[in-house]
Amino acid sequence: MSFTYPRYPSPPIPDRRAVPVVVVGGGLVGLTLALDLARQGVPVRLIDDDDTVSVGSRAICFSKRTLEIYDRLGLGEKFLEKGITWNRGKVFFRKQLIYEFDLLPESGHHYPAFVNLQQYYAEAWLVEACAAAGVELYWRHRLTGLDAREDGVRLSVSAPEGDYDLEGEWVLACDGARSQVRECLGLGFTGKVFNDRFLIADVEMEADFPTERWFWFDPPFHPGQSVLLHRQADNVWRIDFQLGPDADPEEERKPERVIPRIRAMLGARPFRLEWVSVYTFRCRRLERFRHGRVIFAGDAAHQVSPFGARGGNGGVQDADNLAWKLAALLRGEASSTLLDTYDAERIPAADENILHSTRSTDFISPKGEAMRAFRDATLLLAARHPFARRLVNSGRLSTPAILEESPLNDPAASPWPGCPPLGAPAIDAPLTARSGQRVWLLDALQSGFTLLAQGPLPEGEREALGRAGITAVTIGPEGELRDEAGLFAARYGRVPGYLFFRPDQHLAGAYTRYDRAHLLALKRWILAGGRLSAPAPARAAAEVSP
Amino acid sequence: MTGLRFDDHFADPDGLFAALAGALGDLSAEEQRQFTAALALLLLNQLPSREAALAALDEARSVVLAAREIPKETSP
Ligand SMILES: Cc1cc2nc3c(=O)[nH]c(=O)nc-3n(C[C@H](O)[C@H](O)[C@H](O)COP(=O)(O)OP(=O)(O)OC[C@H]3O[C@@H](n4cnc5c(N)ncnc54)[C@H](O)[C@@H]3O)c2cc1C
Numbered sequence: 035m036s037f038t039y040p041r042y043p044s045p046p047i048p049d050r051r052a053v054p055v056v057v058v059g060g061g062l063v064g065l066t067l068a069l070d071l072a073r074q075g076v077p078v079r080l081i082d083d084d085d086t087v088s089v090g091s092r093a094i095c096f097s098k099r100t101l102e103i104y105d106r107l108g109l110g111e112k113f114l115e116k117g118i119t120w121n122r123g124k125v126f127f128r129k130q131l132i133y134e135f136d137l138l139p140e141s142g143h144h145y146p147a148f149v150n151l152q153q154y155y156a157e158a159w160l161v162e163a164c165a166a167a168g169v170e171l172y173w174r175h176r177l178t179g180l181d182a183r184e185d186g187v188r189l190s191v192s193a194p195e196g197d198y199d200l201e202g203e204w205v206l207a208c209d210g211a212r213s214q215v216r217e218c219l220g221l222g223f224t225g226k227v228f229n230d231r232f233l234i235a236d237v238e239m240e241a242d243f244p245t246e247r248w249f250w251f252d253p254p255f256h257p258g259q260s261v262l263l264h265r266q267a268d269n270v271w272r273i274d275f276q277l278g279p280d281a282d283p284e285e286e287r288k289p290e291r292v293i294p295r296i297r298a299m300l301g302a303r304p305f306r307l308e309w310v311s312v313y314t315f316r317c318r319r320l321e322r323f324r325h326g327r328v329i330f331a332g333d334a335a336h337q338v339s340p341f342g343a344r345g346g347n348g349g350v351q352d353a354d355n356l357a358w359k360l361a362a363l364l365r366g367e368a369s370s371t372l373l374d375t376y377d378a379e380r381i382p383a384a385d386e387n388i389l390h391s392t393r394s395t396d397f398i399s400p401k402g403e404a405m406r407a408f409r410d411a412t413l414l415l416a417a418r419h420p421f422a423r424r425l426v427n428s429g430r431l432s433t434p435a436i437l438e439e440s441p442l443n444d445p446a447a448s449p450w451p452g453c454p455p456l457g458a459p460a461i462d463a464p465l466t467a468r469s470g471q472r473v474w475l476l477d478a479l480q481s482g483f484t485l486l487a488q489g490p491l492p493e494g495e496r497e498a499l500g501r502a503g504i505t506a507v508t509i510g511p512e513g514e515l516r517d518e519a520g521l522f523a524a525r526y527g528r529v530p531g532y533l534f535f536r537p538d539q540h541l542a543g544a545y546t547r548y549d550r551a552h553l554l555a556l557k558r559w560i561l562a563g564g565r566l567s568a569p570a571p572a573r574a575a576a577e578v579s580p
Numbered sequence: 018m019t020g021l022r023f024d025d026h027f028a029d030p031d032g033l034f035a036a037l038a039g040a041l042g043d044l045s046a047e048e049q050r051q052f053t054a055a056l057a058l059l060l061l062n063q064l065p066s067r068e069a070a071l072a073a074l075d076e077a078r079s080v081v082l083a084a085r086e087i088p089k090e091t092s093p
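Residue numbers (the working numbering), protein chains in the order written: chain A, 35 to 580; chain B, 18 to 93.
It is possible that some hints are incorrect.
[To be verified] Chain A residues, not near chain B, derived (Cβ > 12 Å throughout):
| no. | residue |
| --- | --- |
| 1 | G123 |
| 2 | T224 |
| 3 | T392 |
| 4 | K401 |
| 5 | G513 |
[To be verified] Here are the simulated distance ranges between beta carbons:
| no. | chain 1 | residue 1 | chain 2 | residue 2 | range |
| --- | --- | --- | --- | --- | --- |
| 6 | B | L74 | A | V89 | 35 to 41 Å |
| 7 | B | S45 | A | P254 | 29 to 35 Å |
| 8 | A | R291 | B | A55 | 40 to 46 Å |
| 9 | A | A211 | B | P30 | 24 to 30 Å |
| 10 | B | E48 | A | E140 | 31 to 37 Å |
| 11 | B | S79 | A | G489 | 26 to 32 Å |
Note that these hints are calculated values from the structure, not bench results. In this text, all values refer to a predicted model and were calculated from it rather than measured experimentally. Every residue gets a Cβ at the ideal spot worked out from N, C-alpha and C, and that includes glycine.
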């Protein structure tokens with residue numbers, strides 16, 4: 035195996051016991067959030083009860099949006115280099131291929147639909163980046179108790195040297211599905227628990243299978259159940275075997291049970307068993323993610339089944355959503371109401387993930403004979419009838435949340451036909467800089483609030499926007515960036531327009547006429563908490579209809 | 018294609034299968050069989066002509082019989 039688990043040193047009990055932000059949990063989400071905050075100049079302390087990265091086989095599929103977020107955090111290229119890029123999937127019923135799909139059937143994007151990579155690699159890079167960005171990393175410092183007040187939070191922490199108290203202005207609960215923070219606050223989950231058990235086996239082998247996601251319903255080598263095959267880095271392949279609700283997890287983990295299952299699938303091909311575990315899944319969430327000065331993100335806030343790869347990817351989008359808001363608040367630029375928009379935006383996103391994840395799990399594990407008959411009939415019909423293909427659900431893979439109902443979307447905006455909906459994350463496109471260098475659109479959206487102007491801005495406006503903390507980027511024949519391939523125009527509509535993006539690259543406003551006063555008022559309104567704080571600013575300049 | 022919702026064509030986008038699961042939900046095994054038969058008859062009745070109904074019956078039978086032919090052996 036090529037990955038060696040790092041052992042991070044556990045620092046002594048700190049002298050400084052009052053800090054602005056404590057992140058509890060250094061998993062995928064806590065590390066992402068800590069890194070994002072630190073890169074925005076926020077002092078962050080992270081405590082984790084362990085001293086290494088995610089052990090064994092967990093997340094492997096990192097979605098396009100997650101890769102774009104990691105690109106903003108300086109890590110995107112590492113995923114491309116080390117991970118396995120894939121866009122295509124195949125679904126089989128018994129031995130028959132019933133359909134194929136392509137998740138990104140268009141070119142002109144920096145990142146693919148998915149990169150497969152073991153979670154431990156991602157976390158190890160995040161730890162390095164956090165350390166470089168100045169995050170105080172406290173390994174083997176475990177949260178044991180918590181007292182949340184209106185003006186701050188007292189945490190009880192247990193470290194190898196002994197127990198101590200820590201005071202945080204804000205606590206970000208990223209301590210995973212068994213969250214101690216949640217326990218301490220006495221919060222429950224609403225949702226569904228599935229009884230079906232799944233065996234996860236990671237095997238190392240040389241194989242020339244195409245780099246695709248393969249999913250079987252009722253295959254001859256594992257009758258009556260489903261199987262999923264995915265390639266990861268280092269010639270490691272993830273195989274998920276559905277076992278049914280009655281499987282004994284202890285028995286099923288034993289090599290003498292696992293190896294024959296893999297042999298039945300792979301035949302005589304040599305392989306080495308790298309990791310085995312047996313899982314059950316939950317699709318559920320907390321009622322609210324923000325509880326005063328304690329804010330939940332990732333698995334601590336919501337959990338889904340792995341079919342659709344929505345757990346880690348959803349959690350990374352939580353971090354992306356929360357970091358700029360908290361950083362703005364700590365800089366004194368935003369009101370605490372802005373943090374309520376985290377709930378308003380991420381709860382619907384979690385519900386979307388839970389909905390799709392529940393539907394996939396229901397399809398993969400049908401309840402009762404009739405449902406199984408409908409499921410199998412759908413699969414039989416799918417080979418011949420496109421309508422049935424739409425119903426087949428082997429996991430609806432993670433897509434970015436579109437914050438259509440966001441309280442931060444400008445009601446006075448006037449998006450034109452072909453313009454992405456307000457609340458959507460920016461769609462990438464290849465552009466050319468004046469120097470002739472090829473750049474990606476998302477590279478231009480990495481400096482906080484940004485106005486993308488299709489066409490030139492009036493004299494002096496760039497500077498005026500800059501003084502108000504808005505970066506202006508012009509696209510067009512005379513602009514800083516040229517759309518030579520025409521893909522920017524195709525993806526944003528052909529109307530010359532002005533697109534206003536938030537620091538997390540989600541679209542908050544789109545206008546056909548430039549109005550600086552409105553953009554400045556809009557930014558202030560967003561930082562105050564948007565619709566949760568006050569009606570949106572009116573627009574002085576009339577829009578021209580496209 | 019916008020690069021945003023690039024997989025709208027699959028995985029029960031309209032939630033129809035989920036609605037079917039919901040409708041079967043708390044029925045007993047026998048009731049589920051009756052539901053299934055009742056549903057088939059209701060849908061046949063929705064078809065525009067007797068010919069369309071007979072064609073649907075033919076196709077359903079042919080799909081089920083074709084499954085007998087799906088090879089059972091081999092691995093990937
Ligand atoms: C089999 C499987 C496959 C998956 N596949 C995918 C996939 O392909 N794509 C995807 O996006 N997601 C996938 N997921 C989900 C993904 O792994 C999780 O959603 C993700 O790890 C959540 O990250 P997190 O940081 O919220 O929680 P965790 O990764 O669980 O991290 C929590 C951290 O908190 C620490 N901690 C816990 N308690 C305390 C305490 N009291 N004090 C201090 N620290 C504490 C833990 O040590 C840990 O480091 C999969 C999950 C499983 C199980």
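Checked hints:
| no. | hint | in the structure |
| --- | --- | --- |
| 1 | G123 | 9 Å, violated |
| 2 | T224 | 18 Å, holds |
| 3 | T392 | 8 Å, violated |
| 4 | K401 | 7 Å, violated |
| 5 | G513 | 21 Å, holds |
| 6 | L74/B / V89/A: 35 to 41 Å | 55 Å, violated |
| 7 | S45/B / P254/A: 29 to 35 Å | 32 Å, holds |
| 8 | R291/A / A55/B: 40 to 46 Å | 43 Å, holds |
| 9 | A211/A / P30/B: 24 to 30 Å | 28 Å, holds |
| 10 | E48/B / E140/A: 31 to 37 Å | 47 Å, violated |
| 11 | S79/B / G489/A: 26 to 32 Å | 59 Å, violated |
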